[in-house]
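Trainee: Each chain, letter by letter, is given below.
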Amino acid sequence: MLKVFKQKKGMRELYKMLIELLLALMVMSSAIWYGVSVGTGMRLIKEKAARDVALTVESVEAAPGSVFFSYADTMGLKYKFSRNTVDVYSGGEDTSAPSSAFYFYPEDTALKFTLPGEAVAPQQGQKKTVVSMKKNSPEFFINSYDLSLEAMNCEKINASGDLQKVIIYDSGPKKEGSAGGAGVPSVFYDEIHQSLIPKLGIIESQYDTDKDRVKSIVLQDQKSILLEIADSPGGDTDVKLYISSDKKSRALGCITRNLLAKNRISATVLAERYYDFASPVRMKAEIGSLNRELIIGTIGDAVNEYFK
Amino acid sequence: MIAKKAIGAYDIVYWIVRILFVLMMFFFLYFLARVYETRTVDTSENEARIFIMYMAYNPDAFSYRDTTNRVYPGIVDVSKMTPEMLEQAMHYEKENRMIAANITLYQADKTTTVRNVFYNEREYWTWAPLSLPTFTGEGTVRNVSDIRYVLYKEGDSEDFKPGFLKFDVLVPKS
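Residue numbers (this note's numbering), protein chains in the order written: chain U, 14 to 321; chain L, 3 to 176.
Worth double-checking, as some hints may not be accurate.
Stated by the list, open to error - For the chain L half of the interface with chain U, some residues (derived, Cβ under 7 Å), not all of them:
{"id": "1", "residue": "L31"}
{"id": "2", "residue": "T42"}
{"id": "3", "residue": "V43"}
{"id": "4", "residue": "E47"}
{"id": "5", "residue": "P61"}
{"id": "6", "residue": "N71"}
{"id": "7", "residue": "P75"}
{"id": "8", "residue": "D79"}
{"id": "9", "residue": "Q90"}
{"id": "10", "residue": "A91"}
{"id": "11", "residue": "M92"}
{"id": "12", "residue": "H93"}
{"id": "13", "residue": "Y94"}
{"id": "14", "residue": "T115"}
{"id": "15", "residue": "V116"}
{"id": "16", "residue": "F162"}
To be verified - Listed next, the in silico DSBU-like pairs over lysine-lysine satisfying Cα-Cα at most 30 Å (straight line):
{"id": "17", "chain 1": "L", "residue 1": "K155", "chain 2": "U", "residue 2": "K125"}
{"id": "18", "chain 1": "U", "residue 1": "K61", "chain 2": "L", "residue 2": "K175"}
{"id": "19", "chain 1": "U", "residue 1": "K125", "chain 2": "L", "residue 2": "K96"}
I should point out that these hints are in silico values taken from the structure, not numbers from a laboratory. Ideal placement from N, C-alpha and C gives every residue a C-beta, glycine not left out.
Let's have the full structure, built from the sequences with the hints guiding it.
Mentor: Have a look at this one:
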C-alpha cells in the first residue's frame, strides 16, 4: 500500500483523496453548524420576541379606554424601543447598534408616545424585569418595572402552635415511560424530593401522586396543609398560586408569592373556584417548565416561614 | 485503450458534477432551514387579525364618538372611513411594508356599498397578485378576509343602521 504512494501516480491519488475528504468535511461541518445555529441559537427566539412585543403594543393601542398591560415573559432579553420599532438583544449584546432581530409596531398619531430612553433589560442578579405598556389617552407609555418592588402585605397569622404537617399532592404529568398510579414519578418528582421535602426539616411531610388516596387522607386529617404541585396548562413561565378562602391559606399564598418575587420569579395569587379537596389550608401551585427547582424550593421556604 | 487526455477530461467532468451536487446540497439545506425559520416566526395571520380588531375598536379608527367624546366600539362612523384617517390611526414612520387592506362597509343586504376605503393602497395592489393561493411560502402575501356585523352612523342621521364591514387584509409572509 505505502509503496503505491511513493510513486508519482500514487501521490496524485493521495492528494485527490485528501481534497475530497476535506471538501466532504467542510460540507458536513457547515451544514451541521448552520442547522445547530438555527435550531438552538438565540436568533429565532429574539425574532419571535420582537414580533410578540410589537404586536402586544399594537393590541394595547387598539383598546378602547385606559389599559395597563405587563409583558412579563421577557426571557432575559433586552428590548429597545424607538419610533415604530422594537429591537431585541440578548444578554451581552451592545444595544447602541440596531439589532438583527427587530419588528415594527404602528403608532396611533392621536397618542403621545413616551418610550424608555435605554434598553429595557434584566439587571444583574437575574432580576425579573417586566415591560409595561400603559394607554391613558392621549398618552401611551412603554416602560419597565421590577417585580421585587411589589411585595404584597401579608395578613399576620400565628401558625406556630398548629400541627406541623404537609400533605404534598403531586398532580403533575407523569414522567415518560412510567405507568399511572400512586407513587409513580411525575415531572416534579426530583425537585419535590430534592428541594422541597429536605427544606421542610422537622415539619412532617407526606408525598403522593394518587388523587383518591390524597382525598381520603385529607378527609381524615383536616389540620394539615395540603400543597398541590401541578403543571401549568398553558406552559406559562409565571407561577399561579391557587388558594382557598381560609385566612391561613391566604397567608401561605401571600408568603409564597413574596418569596418567589424575591427570587425574581413572577407569581400570581388566585382564589380557586372549584376544588376537589376539603382541606381548609391548601395551596395549588401551577408551575411551568422554567426554574422548577427554585420555585419548588421556595415553596418549602414559604412553608417554614408560615410556621414561624 | 483510453488516452491520458481523455482520462483528464473525464476527471474534470466528474469534478464538475460533484461540485454541482455539493452546491445543490448547500442550497437545499439553506432552503430547509429558511422554511423552518419562516414557519416558526410567521405572524402574518395574527397581524391581520389584530389589524381588524385595531380598526374596529380603536377610538381613533372607525369607532363612533358622541358629542361627549364617549366611544362606541363596534359602531362605525362612516365619516372616519377615509385613507387619511386610517393612516393617522395606524401610522408607520418609514415606508409601510407591513400591512395593507381593502375595507368595505355594506348595508344590511350585503350588496349595496356604503363606503370603500383602502389602507396603504399602493402596496395593496402590488401585493394582491402575490396573495393568490398559487403562491406559497416566504416572499408571498397572506390574505385574511373577515366580515363583521356592525352598526354604522352616516352623516347627520341620528340612527344607527345595521351593516357589514368587510376586511381584505394583506400581510407579507417573512
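Trainee: Next step is simple, just say for each hint if it's right about the structure.
Mentor: Consistency of the hints with the structure:
no., hint, in the structure
1, L31, "holds, 5 Å"
2, T42, "holds, 6 Å"
3, V43, "holds, 5 Å"
4, E47, "violated, 11 Å"
5, P61, "holds, 5 Å"
6, N71, "violated, 10 Å"
7, P75, "holds, 4 Å"
8, D79, "violated, 13 Å"
9, Q90, "holds, 5 Å"
10, A91, "holds, 6 Å"
11, M92, "holds, 4 Å"
12, H93, "holds, 5 Å"
13, Y94, "holds, 6 Å"
14, T115, "violated, 25 Å"
15, V116, "violated, 22 Å"
16, F162, "violated, 17 Å"
17, L:K155 / U:K125, "holds, 28 Å"
18, U:K61 / L:K175, "holds, 14 Å"
19, U:K125 / L:K96, "holds, 18 Å"
Hint compliance for this structure: hints 4, 6, 8, 14, 15, 16 are not met, and every other hint is.
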